[in-house]
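Residue numbers (UniProt numbering), protein chains in the order written: chain D, 1 to 321; chain R, 1 to 321.
No lab work stands behind these hints: they were computed from the structure.
Treat the hints with care, since some could be wrong.
Which copy? The list can't say, so a pair holds if one copy fits it or any two copies do.
Claimed, not checked - Okay, derived cross-link-like pairs now, DSS-like style, lysine-lysine, Cα gap no bigger than 30 Å in a straight line:
(1) K97 to K297
(2) K235 to K97
(3) K235 to K297
The structure presented is a predicted model; accordingly, all values stated were derived computationally and were not measured.
2 protein chains.
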Amino acid sequence: MAVYTHLGAEDLADLIAHYDVGNLVSAKGIAEGVSNSNWLIETDRARYILTMYERRIELDDLPFFLGLLDHLSAAGCPVPRTIHDREGRAWRILDGKAIALIEFLPGVSVDRPTPGQAYAVGAALAELHRASADYPGSRANDLRPRDWQSLLDRCGGDLGSIDPHLPALTARHMPDLLEQWPNDLPETVIHADLFPDNVLMLGDRVGGLIDFYFACRDFAAYDVAVTHAAWSFDKAGSRYREDVGSALMAGYERARPLSSAERAALPLLARGAAMRFVATRAFDWLDTPEDALVTRKDPMDFARRLEFYAEAGDAPFAPKA
Amino acid sequence: MAVYTHLGAEDLADLIAHYDVGNLVSAKGIAEGVSNSNWLIETDRARYILTMYERRIELDDLPFFLGLLDHLSAAGCPVPRTIHDREGRAWRILDGKAIALIEFLPGVSVDRPTPGQAYAVGAALAELHRASADYPGSRANDLRPRDWQSLLDRCGGDLGSIDPHLPALTARHMPDLLEQWPNDLPETVIHADLFPDNVLMLGDRVGGLIDFYFACRDFAAYDVAVTHAAWSFDKAGSRYREDVGSALMAGYERARPLSSAERAALPLLARGAAMRFVATRAFDWLDTPEDALVTRKDPMDFARRLEFYAEAGDAPFAPKA
Numbered sequence: 001m002a003v004y005t006h007l008g009a010e011d012l013a014d015l016i017a018h019y020d021v022g023n024l025v026s027a028k029g030i031a032e033g034v035s036n037s038n039w040l041i042e043t044d045r046a047r048y049i050l051t052m053y054e055r056r057i058e059l060d061d062l063p064f065f066l067g068l069l070d071h072l073s074a075a076g077c078p079v080p081r082t083i084h085d086r087e088g089r090a091w092r093i094l095d096g097k098a099i100a101l102i103e104f105l106p107g108v109s110v111d112r113p114t115p116g117q118a119y120a121v122g123a124a125l126a127e128l129h130r131a132s133a134d135y136p137g138s139r140a141n142d143l144r145p146r147d148w149q150s151l152l153d154r155c156g157g158d159l160g161s162i163d164p165h166l167p168a169l170t171a172r173h174m175p176d177l178l179e180q181w182p183n184d185l186p187e188t189v190i191h192a193d194l195f196p197d198n199v200l201m202l203g204d205r206v207g208g209l210i211d212f213y214f215a216c217r218d219f220a221a222y223d224v225a226v227t228h229a230a231w232s233f234d235k236a237g238s239r240y241r242e243d244v245g246s247a248l249m250a251g252y253e254r255a256r257p258l259s260s261a262e263r264a265a266l267p268l269l270a271r272g273a274a275m276r277f278v279a280t281r282a283f284d285w286l287d288t289p290e291d292a293l294v295t296r297k298d299p300m301d302f303a304r305r306l307e308f309y310a311e312a313g314d315a316p317f318a319p320k321a
Numbered sequence: 001m002a003v004y005t006h007l008g009a010e011d012l013a014d015l016i017a018h019y020d021v022g023n024l025v026s027a028k029g030i031a032e033g034v035s036n037s038n039w040l041i042e043t044d045r046a047r048y049i050l051t052m053y054e055r056r057i058e059l060d061d062l063p064f065f066l067g068l069l070d071h072l073s074a075a076g077c078p079v080p081r082t083i084h085d086r087e088g089r090a091w092r093i094l095d096g097k098a099i100a101l102i103e104f105l106p107g108v109s110v111d112r113p114t115p116g117q118a119y120a121v122g123a124a125l126a127e128l129h130r131a132s133a134d135y136p137g138s139r140a141n142d143l144r145p146r147d148w149q150s151l152l153d154r155c156g157g158d159l160g161s162i163d164p165h166l167p168a169l170t171a172r173h174m175p176d177l178l179e180q181w182p183n184d185l186p187e188t189v190i191h192a193d194l195f196p197d198n199v200l201m202l203g204d205r206v207g208g209l210i211d212f213y214f215a216c217r218d219f220a221a222y223d224v225a226v227t228h229a230a231w232s233f234d235k236a237g238s239r240y241r242e243d244v245g246s247a248l249m250a251g252y253e254r255a256r257p258l259s260s261a262e263r264a265a266l267p268l269l270a271r272g273a274a275m276r277f278v279a280t281r282a283f284d285w286l287d288t289p290e291d292a293l294v295t296r297k298d299p300m301d302f303a304r305r306l307e308f309y310a311e312a313g314d315a316p317f318a319p320k321a
């Protein structure tokens, strides 16, 4: 959550001149993105987000991510368009780093979603899944069950230093996830990380879905499970908010009803969604110095969600009477 | 340069409701300020900067800083107004920390000022000095020559670890600065830190002067010296940009001609201005871990300026024929 690169007025004005967006009026480095630097740019015409890809992201994936924004936006999803430069390019290289200019969308991320907001987010996710189905780009999910196992293996004996219950918890669930993970559910391009941080709300309305840098082709129902896990609990994952979880599912099914196979898979997918964040957070936890300015996210917030899903079975996903 | 505190939509909306500024539409944490967290807030009426004072600043000084913004803004200076809450308060307390809402001003900070920009900044500084003369608030400068000496003393033997020339340089100049520092030049409220970072430019026009958290009562001519040192060199301080330095002085003197005593003092004040940043940067350099995300500022950038001023004498400040 920082701006890693300094860009002064002259650099920014030179850059903006490559786009048909008017003249630079204001630019503020914004504290969003873990591996990117971002600026909120204002010209005499409109506002934009300028992203500089600092690391981690593969340049090879940029056409997939930026093209997806255009595809979804053209289909009416509340997703920022990519602004193409005067030569039609979706990104440019500046000082050896890729940069892209995207539309600015209004809205604010909520901490404690209401059922009305969760309903709207469920519906927006379903519409995203419908609209992305015919997106021609392809990118495999590199965070599937065997990848979680491999991250956990790399944590090794240190896993218990995060929390003494963590090794047993992962050992109890990983075999099911590896063996029972479905292979025949409907696929589409999924967001895969639709936390409240990545949704800009205007009251009960979704103003924008952002940060598609985990987007990939995978089961639509897995994305439902990720979103359910991300929205329907207090932050620590100690309390399931049934009204929020139900509203999210109802909103989703209004726009894209689940098949019986998808519904049947959801309890396992939800355990998997929770495990995915346990695994990446545990790995990052051990990989990040305690005094780093980057806030470490507690893997136990998702260990508690995993335990909830394991006990709750299909109750959170059963259709309401 | 980070946002140290998380504020979600609900916190922000609750906060904004205490002000008569409309409804929250967007909020982005911005990467400005070393010891504050800042958000660019948009409502359905206008934009604002929300500042949360995280540390270092004394709550006792807030009325001075925030009142100064109002005083200067009322006098026509391009300074953001403080937005007062519905009860008339210039700041509020949130989670034990002071917060203030100030006007958003457009403009972008330049890296390589042109003479035209330097002229405009000189004139804006002079107008600030005129306008602040009758500001009733008082705050002493806590970074005067004896304070630089005390910071350098605290660096002790480690000073040479930054650069082997640094101990001799400070030993050569500090006695003059301590003994010859003037005591009878015209005083006003000065900005004391008017680097290009703290000026929002719209082309050749000054759109905003910001970040008054070093403002204090001191010699107007010392502020001229600080601003001259901050604007008239390349970043490393290796090259004096005579055209920029002259334009800055000309812009200043158009709006507030210097007295002969002020002009005579400027060579010493400029050495002092450079030493002030050598001292604080050296102290911060030794105090900041090498791998911290905060960028350490190199004290040698100002050691080179100090050497320039010591050699140049009154040439940079002599009136043009």
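For each hint, the structure was consulted:
1. K97 to K297: both (27 Å within a copy, 24 Å between copies)
2. K235 to K97: Between copies, since 23 Å is at most 30 Å while 35 Å is not.
3. K235 to K297: within (11 Å within a copy, 37 Å between copies)
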